[in-house]
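**Q** Chains as they are written, first to last, in our numbering: chain Z, 1 to 653; chain V, 1001 to 1653; chain W, 2001 to 2653.
Keep in mind that the hints were calculated from the coordinates and are not lab data. From the three backbone atoms N, C-alpha and C, an ideal C-beta is built for every residue, glycine too. A couple of the hints might just be wrong.
Among chain V residues calculated to face chain W with C-beta under 10 Å, some are [what the hints assert, rightly or not]: (1) 1187; (2) 1191; (3) 1215; (4) 1639; (5) 1641.
Estimated spans, in silico, between C-beta atoms of each pair [to be verified]: (6) W:2094 with Z:96: 57 to 63 Å; (7) Z:289 with W:2616: 35 to 41 Å; (8) Z:509 with V:1294: 50 to 56 Å; (9) V:1594 with W:2062: 56 to 62 Å; (10) Z:602 with V:1055: 58 to 64 Å; (11) Z:509 with V:1651: 32 to 38 Å; (12) Z:125 with V:1391: 53 to 59 Å; (13) Z:38 with W:2490: 44 to 50 Å; (14) V:1392 with Z:289: 53 to 59 Å; (15) W:2645 with V:1539: 53 to 59 Å; (16) W:2094 with V:1061: 51 to 57 Å; (17) W:2645 with Z:289: 48 to 54 Å; (18) V:1026 with Z:482: 20 to 26 Å; (19) V:1142 with Z:289: 34 to 40 Å.
In case you want the letters, here they are:
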Amino acid sequence: MTSPASTPAHLRLGVCDYPEHVPEERWAAYAAQQRDLGLTYVRIAEFAWSRLEPAPGQYDWTWLDRAVGTYHAAGLRVVLCTPTATPPAWLVRAHPEVLAHDAQGRVRDFGSRRHYDFASPVYREHSRRITRVLAQRYGEHPGVAGWQTDNEFGCHGTSRSYGGASAAAFPGWLQARYGTLAALNEAWGNVFWSMEYSDWSQIHPPHLTVTEPNPSHVLDYARFASDQIRSFQAEQVALLREHSPGRFVTHNFMIFESGFDHYDVAQGLDFVTWDNYPTGMLEFFAPPGTHEDVKTHYARTGHPDLTAFNHDLYRGLRRDPDVGTGFWVMEQQCGQVNWAPYNPLPADGAVQLWTAQAWAHGADVVSYFRWRAATMAQEVMHSGLLRHDETPDRGFAEVAALNKAHYPLGPVQTRVALLHDYDSLWAYDLQPHHAGTSYWQQTLTYYTALRALGMDVDVVHAGSDLTPYAVVVAPAITLVTTDTAARWEAAVQEGTRLICGPRTAFRTPSASAWPTGQFEPLRGLIGGHLRQYDSLRPGLTQAITGGHVAHTWAESYRPEKAQTTHHYQGGPLDGQSAVIRQGGITVIGAHSETLIREVLREALQEAGLDPLDLPEGVRLSRRAGQTLLQNWGPVTVTWQGRDLAPVSAGMTR
Amino acid sequence: MTSPASTPAHLRLGVCDYPEHVPEERWAAYAAQQRDLGLTYVRIAEFAWSRLEPAPGQYDWTWLDRAVGTYHAAGLRVVLCTPTATPPAWLVRAHPEVLAHDAQGRVRDFGSRRHYDFASPVYREHSRRITRVLAQRYGEHPGVAGWQTDNEFGCHGTSRSYGGASAAAFPGWLQARYGTLAALNEAWGNVFWSMEYSDWSQIHPPHLTVTEPNPSHVLDYARFASDQIRSFQAEQVALLREHSPGRFVTHNFMIFESGFDHYDVAQGLDFVTWDNYPTGMLEFFAPPGTHEDVKTHYARTGHPDLTAFNHDLYRGLRRDPDVGTGFWVMEQQCGQVNWAPYNPLPADGAVQLWTAQAWAHGADVVSYFRWRAATMAQEVMHSGLLRHDETPDRGFAEVAALNKAHYPLGPVQTRVALLHDYDSLWAYDLQPHHAGTSYWQQTLTYYTALRALGMDVDVVHAGSDLTPYAVVVAPAITLVTTDTAARWEAAVQEGTRLICGPRTAFRTPSASAWPTGQFEPLRGLIGGHLRQYDSLRPGLTQAITGGHVAHTWAESYRPEKAQTTHHYQGGPLDGQSAVIRQGGITVIGAHSETLIREVLREALQEAGLDPLDLPEGVRLSRRAGQTLLQNWGPVTVTWQGRDLAPVSAGMTR
Amino acid sequence: MTSPASTPAHLRLGVCDYPEHVPEERWAAYAAQQRDLGLTYVRIAEFAWSRLEPAPGQYDWTWLDRAVGTYHAAGLRVVLCTPTATPPAWLVRAHPEVLAHDAQGRVRDFGSRRHYDFASPVYREHSRRITRVLAQRYGEHPGVAGWQTDNEFGCHGTSRSYGGASAAAFPGWLQARYGTLAALNEAWGNVFWSMEYSDWSQIHPPHLTVTEPNPSHVLDYARFASDQIRSFQAEQVALLREHSPGRFVTHNFMIFESGFDHYDVAQGLDFVTWDNYPTGMLEFFAPPGTHEDVKTHYARTGHPDLTAFNHDLYRGLRRDPDVGTGFWVMEQQCGQVNWAPYNPLPADGAVQLWTAQAWAHGADVVSYFRWRAATMAQEVMHSGLLRHDETPDRGFAEVAALNKAHYPLGPVQTRVALLHDYDSLWAYDLQPHHAGTSYWQQTLTYYTALRALGMDVDVVHAGSDLTPYAVVVAPAITLVTTDTAARWEAAVQEGTRLICGPRTAFRTPSASAWPTGQFEPLRGLIGGHLRQYDSLRPGLTQAITGGHVAHTWAESYRPEKAQTTHHYQGGPLDGQSAVIRQGGITVIGAHSETLIREVLREALQEAGLDPLDLPEGVRLSRRAGQTLLQNWGPVTVTWQGRDLAPVSAGMTR
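Construct the entire structure; sequences and hints are all you get.
**A** Below is the structure:
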């Protein structure tokens, strides 16, 4: 398994290919061309079930035998996939109970992809069956380097199903979690609106209620659904381990996917991969509040911090020292996508820009999507390295010109961490209290500040050991367990500077408020009280000392032993503390980009980390002793006496 | 029932409390603190069914006995509630037919509140049963001052159910109303698109039709649904009267709730109460067309005229001279709410501002929502008088500082009325003909003009006796019966000045146009003809003599005996009458704030009512010989030589 | 059928009337008044089924006998309708399976109109039955001039039903089209996401899929649904032909209706009619991207090119030389409508403006909607020639003042054609790749350019013989068959100038891309390759030589034998060809109004067609030797030394 012996010295490349989409006579030529382009890996067959098993139990391995053989003969390494993202029509029509239900109660029908309910016992059986036979046949094939499970869990809002198998399984999952209904009713606060249950079977998924359902109910449904994905994949992983010894197993995660706990789901994998579409991400996944002019400015590259954040997030999913933290980009955009409201061409140089950034943030392999543009079905307008007509598209030339030797492998080392976890994400977004904010918006505000200050950032689970870090930022960790609080306290005591955003530790594990309404598990550490929170509608602002201005959110504190570093001026919070600090921990209550940057800069300086002030669009990333300097904007920027051309990257000191 | 003997000399205060949400050991301390704060009333138990009857027929009175006893011992007066807004899970799962259906045909499931169909015979039986046992046990308890039925009828769009029990009951209701299908087909104009029915069972609720359903069908469904609420409540009221002699019965109505006829539903009550959330109202219920900058300007107080209108509306629901017209605010916001898109903190002084306004508009009791902020479930982010941690929140201090003696009780007396009724509201909004207008928008435009002119206003049913009033405004009474027309005519003949807005009396009782297309029942009175109506898209305007400019709507008239006071200039209506007057009645066809204010000012002057010109945010209200002067805006305003501080209130001459 | 002998010398007028909506005693007076107004035709009874057959099999002809007799006696010619747009309640409740299902899977219930599924065998039987008895009774009545089938096919999104009868019929339709599942799977590219079918019954309508369904699936569903409409109408037409010899049969089509192939559905008709609502069209059907200030500018007339395009489109539906190409406006707006978000009054003169334009674009009859405004049901706020009170409304006077002799009949003759077809419309909009563009938007951009250049335009099916035309524009014909390509090539070889927009010929008949990704069937003709397409988000632009700027879309080419006339400057397309030309064919890749106008102007000049440069709002149209000059704007415009008054029309040289 990714043993040190097999670790290459530098970045390697790959591609996603679909032999079943083209005439077989093209396969050899494609493989040769891929090899000539310097690619190492080819991922195949994640949507090929209907060709592998055209009828129940009738397997057709012949074509896949030849395809794998062709890549292998050309010296390429194959990443095979379990095809469970697309159960074929015969399966779905014979067993309609495998289909999921949307939040409106409608069955999500066959006819695209991801049409299944993770909790379906029937589907689980078919998932195990197809995984087993596939692993049995190809598990020890010399051309097969490893496996991808399924494809993009959660894509198209498929993490949660609101009926059928999931609805049937939910009460049992709750019973296992709570033991008694009394415990569940207490944890959820069901007395609130007489929502108390007296029988497990009374509990439905939290949808189609008259007004918003109990947030504790919703949070547990998110956990339940996440757990189904975890166990669904675990069944496949176990079979792949059994029948394909020595091969890696991974999964390709999604940009900002929020439907399940990625730390849990990543546990059984050797390493993780993710699918990086910078321009689509900007149009489709940019957090609320992203201005249209920002989107236009970065229309042809995506925003550097959105992509960087996802790299850092996925790099941090698996931190098992026996495994290493290298990750892959399994699908890297190499031309225009087709699924955003607008799908501009990437700028010249963008494919190299993205590839270099991926490397600098820790990717060991970057695999482009896809080899040749599809001529049929849903993705006709999506590009590949080759055009529809097999001529090289713009990205091809950029890949060909990459000198992989310039991108040595090695660890990303930083003393700055940003905390993240899915319980907090879910709890935060359940009751945002302001239509323009969200967990991701809040988190990215802090992340962007760190990157503008020139820092590399580890995105780590909020419950991690923080002592390795000099500076840790917790932008939106609203659900802090007592274990986590103890780890934070230990780290602060050992010298880590910890900066928390608003709402930190406000929620219990059930998404209630603590009886005190305080950031209860951190009260001693913080040395103060939460006082007020103010949801600032658009146009309404709150002044802060130092010339800062809060928008969106302003939270105030009553310090006990803590010191106030900034306070509010005027308005309902006049004179109250906006930022308090006790020893190594600082809490920032106000949403103000300038304030956040100022506080972070001072903390970094204190920690001796030499923050910079990078101009708009310019970013630094460091790996393996190299420092990558990039300008993502469409205009030349002068920085430290250097003119940085638009959409350019280079190594610096 | 609220006999003169029991009437206090001044405003009294109360609070909504939830003993079932906190440990019992806190109850006595809370009650003592409530008493010390000067509160008189505590409303409890409106959502407590699952604690009162944890299993079918197994009642648990012990906790409520102790809770009521605790308040009573502390000298507080308890307002008990029927808990029917939240039937428990065991009831709903045993009898799923009690659930309502939304307009999309989906069952509205258990898991929040108000999950029932008013027309369900099964639910009616349970409603009577729980009301009876509760009234039997507490009806004569010395600590119980009175009762609230259910909670906020219609909240979350629950007035109408579109399937199940309501769908089953609708044909019978229609048969009782019309007698024959011929009469119904004629009244609805069903010949129009072959919509004629030949059997009562063919008639469904008006939803999921291919295009808009017949507005007459929709109007009768609104009446049907309203009638279900009326009779649902009447069953509870009868039981409360029987088992709880000498106690009042009321209901807490909602801001701008439009789903049922409040005059009908209020009939069986002793007095009415309503729930006043000024900042949430501004964000959530402001009429279409309210500018975002207006919302920002009043973000921390709400708009004075939105709250004032609701006070005046609910004051006018019960005008029985044997009962008096005093009303309560049953739930008064005393900090930030949680249910609007943005939930800013109220300004310093806002709680006193709101309380004083409530008093000045006729409230006898103001009861704050809620005692302590909930630490669980849907309203974690909603404030109370106490914070989550039991420390006083900002509103607490404002309540403590209130001198109730400054707010003597007594009548609100005004000679100005504004007309309102629910048939007109429904009929107006069925075919608004302009996406930016509505009944409430139209009504509030006139109401705001009256308040800016310094007037106190009675909001009264359009069918009322108007002779007590000097000036009556009918902004949007589009459905005028012949009885109503006769009353208007009588009032005008006795000297009342009547000013009507556009579309007045345009509709028959079935929401058809009159065969003449005229304001038929008022033609003689008005002395002219309706000529044209123009729906002015945004950006399109229509000039009027006197320098006025119409937007949104322009209606023209052909005067017979009436005089034209303003006419249109240019455009399709060039030279046609925009405002006509015959004797005491004036009809304003144009939507122009300056024109409306000018016409109203002149009418008030004529009537000797001394209109003022109040600056933005400044309002006057008079009660019991006192005049309250308030500035609701966030800036100091100078008026008549006085500097009015932001968010301030005071008595004036 | 419309034999030359019966052709009048000039425009004739008509009206839509509803005798069943008014007391019978009004009929004779209305008919006399209609005759006096100079009307020839009266269309009746399209929604009268419940009066013709009040109970199953119980026909009531008496009233219709008298109504037809009354019109006939007054000298009016009656257009009778099959009443199938509104099956009565007894039919629907007895046979609920006739109802259609919306895309959300819900049954679209009785209670408005068009509540049926074209594919329902049960409804087909009733449709034939009511058509037969009606045709038998009135088919040879001397007062009956002809027939309208049903009413406005497709209105309210009724072209496609997503369940029930349509869902049941779809697999059989596919089997008839493809023969084998292998052929279908190949044509649709179902291998893409394992969407391959192994049994016809596995195929559902393309809705409620997890993400977008296969566009080939959607395209065939559109064709299937269109085919149901075609055969539904064909059954009625056959019966009308049988029982009503010598009478015409037509249908009234809808503004920009996109739900079926109008060329197919029009085949069995004698001529076509359409329903022209210029102000509603502007608010409701204006293509995406139409600025609000354009809507305000033309609020009282509609946009001249939107209405003109529909005239030209419907004129072109039936080009059978034995039949002639004259069409009718069956419903012509003559006052304000009620169904748009805003419904302003038409300008003074607008009814004459619209009538004159209709004539100039080839209408032989203009029939106003409706005689008297309805006093009941869904259209109370819709105007007619008479007001509710029977007094003439504004449009009446304009109709009365029309001198029909000024509008001689005769052909519209032009040497300029614009190509259109429904397969291209459907395919284009399935994957627009830019949220702000669409087939209609793209098509109208070119159409507007031609009209601003003073041209008359034939809108013709893309597969037509183009040799009669000097200049042909194909704005968005994305689906070009090999037959069509051969016709285009033949026309170019014979001297026709052909200008194509972007994406031309990009799609196969199954809406896949060609294996080459090229405008494959036209490659030889075009003499170049498609290179890139760029989806330009709002704010992102692309410069072009000649000072032009592309927005929305930029497509580049690699010329082989073609010449580049414009190329891109800067950006990802720098230096690439924006416009290429080979001989008589030009392809414009960039969406730039100025570029399009420049290229079209040069092509017209080359063809000797003398393009003009008409000011905003001014348009020319020519018929029968007359030239109509109109100013549609609300301001006076000076052109060629003449002052053109607002909203004015006149003949010119």
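**Q** Each of the hints needs a verdict: does it hold here or not?
**A** Hint-by-hint comparison with the structure:
1. The restraint placing residue 1187 of chain V at the interface with chain W holds, with a minimum CB-CB distance near 9 Å, inside the 10 Å limit.
2. Because the smallest distance between the Cβ of residue 1191 of chain V and any Cβ of chain W comes to about 5 Å, under 10 Å, the interface hint for this residue holds.
3. Taking 10 Å as the C-beta contact cut-off toward chain W, the hint placing residue 1215 of chain V at the interface holds, the least distance being around 7 Å.
4. Proximity of residue 1639 of chain V to chain W is violated relative to the hint, the smallest CB-CB distance being about 38 Å (cut-off 10 Å).
5. Here the hint on residue 1641 of chain V is broken, as its CB sits about 44 Å from the closest CB of chain W, past 10 Å.
6. A beta carbon spacing of about 30 Å between residue 2094 of chain W and residue 96 of chain Z contradicts the range 57 to 63 Å that was offered as a hint.
7. Take residue 289 of chain Z and residue 2616 of chain W: their Cβ atoms lie about 38 Å apart, and the range 35 to 41 Å holds.
8. Under the hint 50 to 56 Å, the C-beta atoms of residue 509 of chain Z and residue 1294 of chain V, about 42 Å apart, miss the expected range.
9. At roughly 58 Å, the beta-carbon separation of residue 1594 of chain V and residue 2062 of chain W lies within the given 56 to 62 Å, and the hint holds.
10. For residue 602 of chain Z and residue 1055 of chain V, the Cβ-Cβ distance of about 60 Å falls inside the hinted range of 58 to 64 Å, so the restraint holds.
11. Checked against the hint of 32 to 38 Å, the C-beta distance between residue 509 of chain Z and residue 1651 of chain V comes to roughly 52 Å, which is inconsistent with it.
12. Distance hint for residue 125 of chain Z and residue 1391 of chain V: a CB-CB separation of about 57 Å, consistent with the stated range 53 to 59 Å.
13. Hint check: residue 38 of chain Z to residue 2490 of chain W, Cβ distance near 49 Å, so the stated range 44 to 50 Å holds.
14. In this structure the supplied range 53 to 59 Å is violated for residue 1392 of chain V paired with residue 289 of chain Z, their Cβ-Cβ distance being about 34 Å.
15. In this structure, residue 2645 of chain W and residue 1539 of chain V break the distance hint of 53 to 59 Å, their C-beta atoms being roughly 22 Å apart.
16. Separation of residue 2094 of chain W from residue 1061 of chain V is about 54 Å and conforms to the stated range, judged on CB atoms against 51 to 57 Å.
17. For the pair residue 2645 of chain W and residue 289 of chain Z, the beta carbons lie near 50 Å from each other, so the given range of 48 to 54 Å is met.
18. About 24 Å separates the C-beta atoms of residue 1026 of chain V and residue 482 of chain Z, a value consistent with the hinted range of 20 to 26 Å.
19. For residue 1142 of chain V and residue 289 of chain Z, the hinted distance range of 34 to 40 Å is not satisfied, since their beta carbons lie about 56 Å from each other.
Checked against the numbered hints given earlier, this structure breaks hints 4, 5, 6, 8, 11, 14, 15 and 19; the rest are met.
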